[in-house]
Amino acid sequence: MPDSAQPCRDPIRVLIAEDEALLCTALAELLPQVSGGAALVVSRCAVRAQALRDTRTLHPDVVLLDLRMPDQEGAPCTLGGPETIAALRRQWAAVRVICLSVHAEPVLVRACLQAGAMGFLGKCILPEALWSAIHQVVDGLPVIDPALAAVLEPAPDAPESALRTQLLAGRRGDVLRLLLDGYSSAEIATTLPISKKYVDKKIAEIKRLLGVETSIRIYRQCRQLKILD
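Counting from 1, one number per residue, gives the positions in the sequence shown under the UniProt record's numbering.
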């Protein structure tokens, strides 16, 4: 049940992108129950094309994304990760994507997170834990299946990879991506939507992590880190 001490807020709008009908139906029925009505399932999508359309038109807060699903009705299931996540975020920049998958190879998980996913969880997760994860990503905090956390720790000899992960995590990553796309602080605040003061705080964090003082330097450093191609 939601914490009664929390201030009232609008229901969290959830889009479920899952081609297994039984699992999709179960998620759609269980989430409103375990959230005490704080989760509103706005769409159930069995193919990627519908997930993209509905993300663009319905503006969900969170997409629960099955990585392996068909592109179109009648098409075979394919494993889509970073490309699908990036496409979802192009439809609605403020969306939070949580990947639900039985595919948990570290390379795939890292690629999905770098593409903008806020979470990566196994399909065996309990409904209560999934609701907690949804709430967490809406608050701007990434969530990773504990079983994956150890293997995703950056290696000591890979400082650039660790820095990229830090820069692209949570709201900081959202702000950085829009900043690199040419958005001003005010435009970023409107797009996400968050306060301009919070945007400026995240930009200051980015500068501190990169060891720079100007936005031009941010672009240069991100190009060197291959965040900006």
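Think of the hints as simulated: they come from the structure by calculation, not from any bench.
Here a beta-carbon is modelled for each residue, glycine too, at the ideal position from N, C-alpha and C.
Hints are supplied without guarantee of correctness; some may be wrong.
Unchecked claim - Simulated restraints on C-beta separations: (1) R217 - D71: 35 to 41 Å; (2) R220 - P76: 31 to 37 Å; (3) A162 - D200: 36 to 42 Å; (4) V212 - E20: 27 to 33 Å; (5) Q72 - L141: 30 to 36 Å.
Here's how the hints hold up against the structure:
no.: 1; hint: R217 - D71: 35 to 41 Å; verdict: holds (40 Å)
no.: 2; hint: R220 - P76: 31 to 37 Å; verdict: violated (43 Å)
no.: 3; hint: A162 - D200: 36 to 42 Å; verdict: violated (25 Å)
no.: 4; hint: V212 - E20: 27 to 33 Å; verdict: violated (46 Å)
no.: 5; hint: Q72 - L141: 30 to 36 Å; verdict: holds (34 Å)
The structure fails to meet hints 2, 3, 4 from the earlier list, while all remaining hints are met.
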